[in-house]
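First to last, the protein sequences are chains R and C. Residue numbers 0 to 266, in numbering that gives the first Met the number 0, belong to the letters of the first sequence in order. Residue numbers 0 to 266, in numbering that gives the first Met the number 0, belong to the letters of the second sequence in order.
Among the clues, some could well be false.
The list cannot tell twin chains apart, which means a pair is met if one copy fits it or any two copies do.
[Unchecked claim] Straight-line alpha carbon distances no greater than 27 Å define the calculated BS3-like cross-link-like pairs of lysine-lysine that follow:
(1) Lys24 to Lys140
(2) Lys201 to Lys23
(3) Lys24 to Lys167
(4) Lys41 to Lys165
(5) Lys103 to Lys185
(6) Lys201 to Lys140
(7) Lys103 to Lys165
(8) Lys203 to Lys24
(9) Lys12 to Lys147
(10) Lys12 to Lys201
(11) Lys23 to Lys176
(12) Lys103 to Lys74
(13) Lys176 to Lys165
(14) Lys74 to Lys201
(15) Lys103 to Lys140
(16) Lys190 to Lys165
(17) Lys140 to Lys27
(18) Lys176 to Lys190
(19) Lys203 to Lys167
(20) Lys12 to Lys74
Note that these hints are calculated values from the structure, not bench results.
Number of protein chains: 2
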Amino acid sequence: MFYLVGLGLGDAKDITVKGLEIVKKCDKVLLEAYTSILTVGKDALEEFYGRSLIVADRELCESNIDEVLQEANEKDIALLVVGDPLGATTHTDMLLRAQQFGVKIQIVHNASIMNAVSCCGLQLYNFGETVSIPYWTETWKPDSFFDKIVQNYSRNLHTLCLLDIKVKEPTEESLTKKVRQYMDPKFMTVKEAACQLFEIIKNKPDTGITKDSLCVGLSRVGAPEQSIALRSLDAMRRCELGAPLHSLVVPAPQLHPLELDYLAQFR
Amino acid sequence: MFYLVGLGLGDAKDITVKGLEIVKKCDKVLLEAYTSILTVGKDALEEFYGRSLIVADRELCESNIDEVLQEANEKDIALLVVGDPLGATTHTDMLLRAQQFGVKIQIVHNASIMNAVSCCGLQLYNFGETVSIPYWTETWKPDSFFDKIVQNYSRNLHTLCLLDIKVKEPTEESLTKKVRQYMDPKFMTVKEAACQLFEIIKNKPDTGITKDSLCVGLSRVGAPEQSIALRSLDAMRRCELGAPLHSLVVPAPQLHPLELDYLAQFR
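Using the sequences and the hints given, assemble the complete structure.
Here it is as structure tokens:
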């Protein structure tokens, strides 16, 4: 059996009872470590589960997963994923492969930022399409995600912006070499996201979204040290929300009174 | 302290370890019983937790919650909610009131249909605004939700349709009487939702959504006996998906190859 187990968002105890039982009984447990992170690391998880974990990086999950899946024909193997296990395309692909190998699968759902974002008081059914904001480089500054924010905004819908994370990314120099070298992991902050958005609106003046538009910055959602800030886009460029992960919401222009009341505490 | 604890979607073991610890230590634990249901009832939860639960109906949650919240100044009280605790407006309102009373609050997130719907293979970031489909009566047949489905569809986004549930609804006759009488609980099925959609498209022929458009019916998402069916809207009117809760998805017109591959197993 191949289990995909969601870990939720905060710390080790955000796993479900069902998920924990699976972790304890499996022959092998992998920890997916590149699409998201918890506020605690592998060591804290191993201590809480009372067993060792194998870190599954991008290479393993995207290119070398078949071996693991075939092993799951004979053994019980779990892959632990931060948030809900089906948030990323990689895992849907994995399930399809498992089926091709005749491997039975079970999914254990958990909270993800896609629903826990409601902790800021914005109602989930008022959110439109979710977007991802990628890190810009000197030569690559994509802004197509902004059109989706504008489309949501014009329909009076909020936009959840997932912020880029770079974990085990090969350095540019090492791409042409035999031995890969990796950059330090980095996680986009609400500050960085706001700066990129600020650059974009300079060239797109007629969208309704300006430097004075309100934004909601969120960090470590679901953890005790969760932090939420309501700021203008302009001010969000200087808003420190501490350790990762961060997310940013561009709210709809017209908010429900209850949304306004709840948001007010984060100003 | 006032705890809002999400129970997830399937059975008693879908609570998180953190949530279970809270349930065990609280002085009083209420079970919210009108916005959603698990596949198991109160008795199964009580047995698993090893303690008794107080059922919190709509009247308690919407009108008489202040007493409970004020009690939480002195005691530890938890309200258990199916899915994620912030899925419904009621609970945001409750948190605001708690703050007014100076009560400390903690939220324990969990999976909700808003993220677990990805179990059908449709990618979460391709969903637009979520809609709710209400039960029609002889004289009241609202269809404004359909315009939102069409707007999503025209932007090539999927729509999650949450289906109406009626729990502890007063009968029409008893509304004018002193003693309220209540209807049997009922939960809209994908069949019923498809029938209502079918009626709507008869009068709105140019939306792109026709009787041959594909729909995804889901029932008991997150439970072992979860069921998913891919059918034309026409055929969905005869599709039996068993016990509640049901949800319906109207997929975008153009699907990603991975979405198509994954959906194919449910045809």
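### Hints not upheld, ascending by number
The structure breaks hints 1, 2, 3, 5, 7, 8, 9, 10, 11, 14, 15, 17, 18, 19; every other hint is satisfied.
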